[in-house]
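Take these sequences, add in the hints, and give me the full structure.
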Amino acid sequence: MKVIHGIVAVLLIGLAYCVRVDTLLVIALLTTAVLTLLTLIPSLREVFIRGFALINTIFMFFYFYRFFSAVPVLHHQWYAEIEYFPIWIVLIGAFASMHVLADNSCCLKRELEDPVQLTIPRFWASSR
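According to my numbering, the sequence shown is numbered sequentially starting from 1.
No wet-lab data here; the hints were simulated from the structure.
Being a predicted model, the structure only gives us computed values, none of them experimental.
All clues given are correct.
Just the calculated beta-carbon pair ranges, DEER-fashion:
1. K2 - F95: 15 to 21 Å
2. P42 - I7: 14 to 20 Å
3. T57 - R110: 18 to 24 Å
4. S43 - D22: 34 to 40 Å
5. L54 - W88: 25 to 31 Å
We put the CB at the ideal spot given by N, CA and C, even for glycine.
Pasting the structure below:
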């Protein structure tokens, strides 16, 4: 899962470079990439995860708003033309945000307990 999140973050950074003319979309894509990279941190407090999930939800709605506001001007083969590439990027950002939000919600659902640290005496005793 961590590899997928790393790939998604690199993809979002690359897509932000592709649409560098649209400043608002670049900021949204880079913020989503940072939120994706923050999911790689193994143990975060629940408050931070909730905050990241809230920010990610706002950006997900932003991406879908951008897509659905462009839908009336699209024709039946918009997906095959290069001039609508920013619309594809908006869709990729929206689905990447959904993926990160799902990971955040899974982290919020986990049981919060102190992890048992593996120490040498415990390992030695349990291996006998």
